[in-house]
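Colleague: Sequence:
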Amino acid sequence: MKQNSPFSLFLLGVVSLYAATHAENATAAPPSGCATISATSEETTAKGLIYHDLAVSSPNGVTSLHVKKLVFSGFAPNADAMQDLAQAASLLLVSAMTGQHNAACTQWLKAQGQLVVTGLQSGKAYDLTWNNATVVHGSAHVSVTTAHYQMQGSSTAQTSAATLNMSGLTFQNVANQQLLPSNARAAFSLPTTELPALMSAIGGQSEAAPAVHATISNFEASEGHARLQGHGQATLTGNVAATSASGHLEITNLEELIEKARAAHQMKLAAGLVLGRLVSHHSGEQNTWDTTWEGGVLTVNGFPLPIK
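Throughout the sequence shown, residue numbering follows mature numbering (1 follows the signal peptide of the UniProt record, and there is no 0), covering -19 to -1, 1 to 289 in sequence.
Calculated from the structure, these hints are not laboratory results.
Some hints here could point you the wrong way.
To be verified - Label-pair distances were calculated between CB atoms; the ranges are: (1) 50 to 214: 29 to 39 Å; (2) 96 to 265: 46 to 56 Å; (3) 139 to 24: 35 to 45 Å; (4) 255 to 126: 38 to 48 Å; (5) 233 to 135: 33 to 43 Å; (6) 240 to 174: 12 to 22 Å.
Ideal placement from N, C-alpha and C gives every residue a C-beta, glycine not left out.
The task is simple: from the sequences and hints, build the whole structure.
Modeller: Spelled out as structure tokens, the structure:
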């Protein structure tokens, strides 16, 4: 699986879900060259749609998502559109988590993206929950017990807000997996009109280079006794390598992360964390920094860290 920073991977995942759940009039299934999507059963209830054993697979079978139960609630003009919303959100989640892009998905996602703005500006609310989901790319596996996404559009503001909570994250055959969080949460806002191009870039291979400017009011991630918290600004392009962010970052129990890096024989990463500790503002068990992430380089308080 592509080695993404937890921060940039999580942001792209959040935005993918945020964008897809607003394509309210898109009723065309993804083209066969894009992905195969199926479920053992589905239910349409008064509150929305429930998928059981939802499976999303790339045409070559290398990349896939399996969800034991997906619950979707929110406005859709008909049952087919509701199905497409849930499927599109899941497809974009796979792309964001793995960094895999498929040109066959580009136009389909773009067409849905053009409808996204209308949904957002009508002020609708949406809620999605993925239970017991697993993303596979080659030999790499990422599993999450629960991913819960909530968002609220606005008929007056130029931006809309969303939150995503992920609990029970586990990793197998993923770089630096011992340091990746078991729980994460993000709250953010985005300009509505910037979303369509990003949707196409995340799941497809658009020649355009969108720059979606997100404001992160709060970002939290934890593993063991170590806890990361931050807020700031991010520019998302659909490509992790071109994603940038800046803001304030705080880590509690940084020493635990350093020891985990050493135990995993990730000495370059451990050295980078030690340097980060040296240039941090320190108070009790908390280390704080003003940070930037650009071109795959993390800079803290003006010092670039060798963490790649």
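Colleague: Against each hint, give a clear statement of whether it holds in the structure.
Modeller: Going down the list of hints, with the structure as the test:
Separation of residue 50 from residue 214 is about 35 Å and conforms to the stated range, judged on CB atoms against 29 to 39 Å. Checked against the hint of 46 to 56 Å, the pair residue 96 and residue 265 passes, with Cβ atoms roughly 49 Å apart. Taking the beta carbon of each, residue 139 and residue 24 are about 36 Å apart, inside 35 to 45 Å as hinted. For residue 255 and residue 126, the hinted distance range of 38 to 48 Å is not satisfied, since their beta carbons lie about 32 Å from each other.
The hint said 33 to 43 Å for the Cβ distance between residue 233 and residue 135, and at roughly 34 Å that hint holds. The hinted range of 12 to 22 Å is not satisfied by residue 240 and residue 174, whose Cβ atoms lie roughly 46 Å apart.
Comparing the model with each earlier hint shows violations of hints 4 and 6; every other hint is respected.
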